Amino acid sequence: MIAEITRIRHKYLRHDKKFPHVWCPGCGIGIVLGSLIRAIDGLGLAKNDLVLASGIGCSGRLPAYVDFNTLHTTHGRALTFSTGIKLANPSLNVLTVMGDGDATAIGGNHFIHAARRNLNLTAIIINNQIYGMTGGQYSPTTPYGSNSTTSPYGHIEHAFSIADLAVTSGASYVARGTVYHVPALDKLISRGIEKEGFSVIEIMTNCHTQYGRRNEMSDPVTMMKWFKDHAVTTTRAKKMSPEELKGKFSIGVLTDIDKPSYTEEYQKIRDRAKGREVKS
Amino acid sequence: MARDQNGKTRLLQGNEAMVEGALAAGCRFFAGYPITPASEIAELMSVRLPMVDGTFIQMEDEIASMGVIVGASLAGVKSLTATSGPGFSLMQENLGFACVTEVPCVVINVMRGGASTGLPTSPAQGDVMQARWGSHGTHPIIVLSVSSVHDCFEITVHAFNLSEKYRIPVVILSDEVVAHTREAIVLPDRKKLEVVERIKPSMPPEWYQPYEDNSRGVPPMASFGDGYRHHVTGLVHDAHGHSTQRPEEIDAFQRRLFRKITNGFYEIQMTKSMLMEDAEVAVIAYGSVSRSALRGIRMARKKGVKAGLLHLVTLFPFPKMAVSGVLRQCRAVLVPEMNLGQISREVKRVNTSSKVEKINRIDGQLITPEEICERLREM
Numbered sequence: 002m003i004a005e006i007t008r009i010r011h012k013y014l015r016h017d018k019k020f021p022h023v024w025c026p027g028c029g030i031g032i033v034l035g036s037l038i039r040a041i042d043g044l045g046l047a048k049n050d051l052v053l054a055s056g057i058g059c060s061g062r063l064p065a066y067v068d069f070n071t072l073h074t075t076h077g078r079a080l081t082f083s084t085g086i087k088l089a090n091p092s093l094n095v096l097t098v099m100g101d102g103d104a105t106a107i108g109g110n111h112f113i114h115a116a117r118r119n120l121n122l123t124a125i126i127i128n129n130q131i132y133g134m135t136g137g138q139y140s141p142t143t144p145y146g147s148n149s150t151t152s153p154y155g156h157i158e159h160a161f162s163i164a165d166l167a168v169t170s171g172a173s174y175v176a177r178g179t180v181y182h183v184p185a186l187d188k189l190i191s192r193g194i195e196k197e198g199f200s201v202i203e204i205m206t207n208c209h210t211q212y213g214r215r216n217e218m219s220d221p222v223t224m225m226k227w228f229k230d231h232a233v234t235t236t237r238a239k240k241m242s243p244e245e246l247k248g249k250f251s252i253g254v255l256t257d258i259d260k261p262s263y264t265e266e267y268q269k270i271r272d273r274a275k276g277r278e279v280k281s
Numbered sequence: 007m008a009r010d011q012n013g014k015t016r017l018l019q020g021n022e023a024m025v026e027g028a029l030a031a032g033c034r035f036f037a038g039y040p041i042t043p044a045s046e047i048a049e050l051m052s053v054r055l056p057m058v059d060g061t062f063i064q065m066e067d068e069i070a071s072m073g074v075i076v077g078a079s080l081a082g083v084k085s086l087t088a089t090s091g092p093g094f095s096l097m098q099e100n101l102g103f104a105c106v107t108e109v110p111c112v113v114i115n116v117m118r119g120g121a122s123t124g125l126p127t128s129p130a131q132g133d134v135m136q137a138r139w140g141s142h143g144t145h146p147i148i149v150l151s152v153s154s155v156h157d158c159f160e161i162t163v164h165a166f167n168l169s170e171k172y173r174i175p176v177v178i179l180s181d182e183v184v185a186h187t188r189e190a191i192v193l194p195d196r197k198k199l200e201v202v203e204r205i206k207p208s209m210p211p212e213w214y215q216p217y218e219d220n221s222r223g224v225p226p227m228a229s230f231g232d233g234y235r236h237h238v239t240g241l242v243h244d245a246h247g248h249s250t251q252r253p254e255e256i257d258a259f260q261r262r263l264f265r266k267i268t269n270g271f272y273e274i275q276m277t278k279s280m281l282m283e284d285a286e287v288a289v290i291a292y293g294s295v296s297r298s299a300l301r302g303i304r305m306a307r308k309k310g311v312k313a314g315l316l317h318l319v320t321l322f323p324f325p326k327m328a329v330s331g332v333l334r335q336c337r338a339v340l341v342p343e344m345n346l347g348q349i350s351r352e353v354k355r356v357n358t359s360s361k362v363e364k365i366n367r368i369d370g371q372l373i374t375p376e377e378i379c380e381r382l383r384e385m
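Chains as they are written, first to last, in this note's numbering: chain E, 2 to 281; chain Y, 7 to 385.
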């Protein structure tokens, strides 16, 4: 087991990158990164053909540490860059890592349209319910009533459900996992990468430093326990009443549908256009 | 339009000629968002690009459009977007990203009148300083201007060439009049057209440093998927592309971005002199105004005024050598602009003791040859 972890670490971490990483001790983003590279390794994807893009924030720093074609873009815009890369070279596997504020506040418009467009991209959204890097301000997924540095009297806005937003926006594959349910997370990410079309994996992640500390969960273990106690598999959730589901969230695959991806459709456009002559 | 490239005369709109120029320069990717008076560029690209295995996409906004073309360029495809003032404002964020990550791409801004929503169907030149300084922080950028349908073709080809050669975004400033005027144009033979491609790395991948300095200050650029796995970030980065906080690395990086443009200054600065041989007064103009200026100058000459024209194609880096020569030769210069004086100030900065006069219109109307002739006679 340890040998396997070491093998993967040596294969995928960038040796020229100056470690240590920027994340706090116990941060869930490291667990996400571990899951991500196990999924990639399991699928046997070539490093040269893999692009890992990110936006801004703690999650934005993730690509720098791994040996792929990596891109750290502007806040909220990662999916737009990924769209350009994928369209320009459809043979590349393009993965996009974002945070909750990144994907659903400043990048909300790009996110819903990427889902609607159904380009063959994989979006991994690390949802720690807070803006961590900037010091713990509330994000679109900060729960009602909780505390943050910009909601010192309690948060009065209601949280987005990122996965539900992705489903309604038209994504082909939507899943939710947590950093506590790691073997399941490996599989959810793996299926998302394999899926033809736009896939979204929302990952509930602990930020004990900025979120937990202000909401009576000041260490990673307490936050992990919270994920353990509040996560319900999609299969179990179907059998539960709305009362029983109150305060809980579902994990697993929420949507898996087949529809033509944008790249396939655009190739048809090219084939149609090529027969035409340019008119004078 | 454009059935072939064999010297056939065509009647094209400025916006259409820009599409022809982009395609001739090897552009195979366009992303944009509808906006007057630039939409024809997107419309025509949506017809033409799929014919040549290229890609057209209409995005959800201009922020996205700019991100998409930078992404496409990172994957190795020459890419373009086109917009007008309100959209250009939204593009500034990712335009700055392209400057700092040195990703070639071309942005056309068909200028319209006024600030904010302004005058969507009227010409103006209000975005000159925005093109240079619109994105935050210290960064270089190349800004070109077009004044005719022929320019729209030729300068668009130049824009792609400069962008590829210097790994820098190039902004082309057009305006509503240039964009929508139809003129006869003979498209040059594609085989005779100079088309520049970015330099790719030739060393083994393990030796590749994506932001390593060299004599030109322009590192070779690997595309994603070429086997040269590397990191691209908008953070200030070292030669490997990783973020840095070291003052000496930060300084070297930021200065190299400017040095590569300074190194290429003579090639980048493009101006056209007309009737300057014996000129005692001169008009310095760009965009559609330079055409009114040439006519105004001819009218003034008939009335005995020895006037000439310096037509600026490159606006930034500011062509100070050419301007300096004109300021030395002439007793006074006139800078007519459809703004309250953006380039006139740059002209003044070249030699603060020179006499620089201005004509400024901000009423959505063109500056007429008569206005220019009249002023030249008074100078």
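Hints in this document: simulated from the structure, not taken from any laboratory.
These figures come from a predicted structure and were not determined experimentally.
Heads up, the beta-carbon is just placed ideally off N, CA and C, and yes, glycines get one too.
Among these hints, one or two may not hold up.
[What the hints assert, rightly or not] In silico BS3-like pairs for lysine-lysine, Cα to Cα no more than 25 Å straight-line:
| id | chain 1 | residue 1 | chain 2 | residue 2 |
| --- | --- | --- | --- | --- |
| 1 | E | Lys188 | E | Lys226 |
| 2 | Y | Lys206 | E | Lys48 |
| 3 | E | Lys275 | Y | Lys206 |
| 4 | E | Lys188 | E | Lys239 |
| 5 | Y | Lys206 | E | Lys18 |
| 6 | Y | Lys364 | E | Lys275 |
| 7 | Y | Lys278 | Y | Lys206 |
[Said to hold, decoys possible] Covered stretches of chain Y (in silico footprint by chain E; criterion: 3 or more residues with CB under 8 Å from a CB of chain E, positions within the stretch not fixed):
| id | segment |
| --- | --- |
| 8 | 227-233 |
| 9 | 352-364 |
Tested hints:
no.	hint	in the structure
1	E/Lys188 with E/Lys226	holds, 21 Å
2	Y/Lys206 with E/Lys48	holds, 20 Å
3	E/Lys275 with Y/Lys206	violated, 30 Å
4	E/Lys188 with E/Lys239	holds, 21 Å
5	Y/Lys206 with E/Lys18	holds, 23 Å
6	Y/Lys364 with E/Lys275	violated, 51 Å
7	Y/Lys278 with Y/Lys206	violated, 33 Å
8	227-233	holds (count 5)
9	352-364	violated (count 0)
Violation of the numbered hints given earlier is confined to hints 3, 6, 7, 9; the remaining hints are satisfied by the structure.
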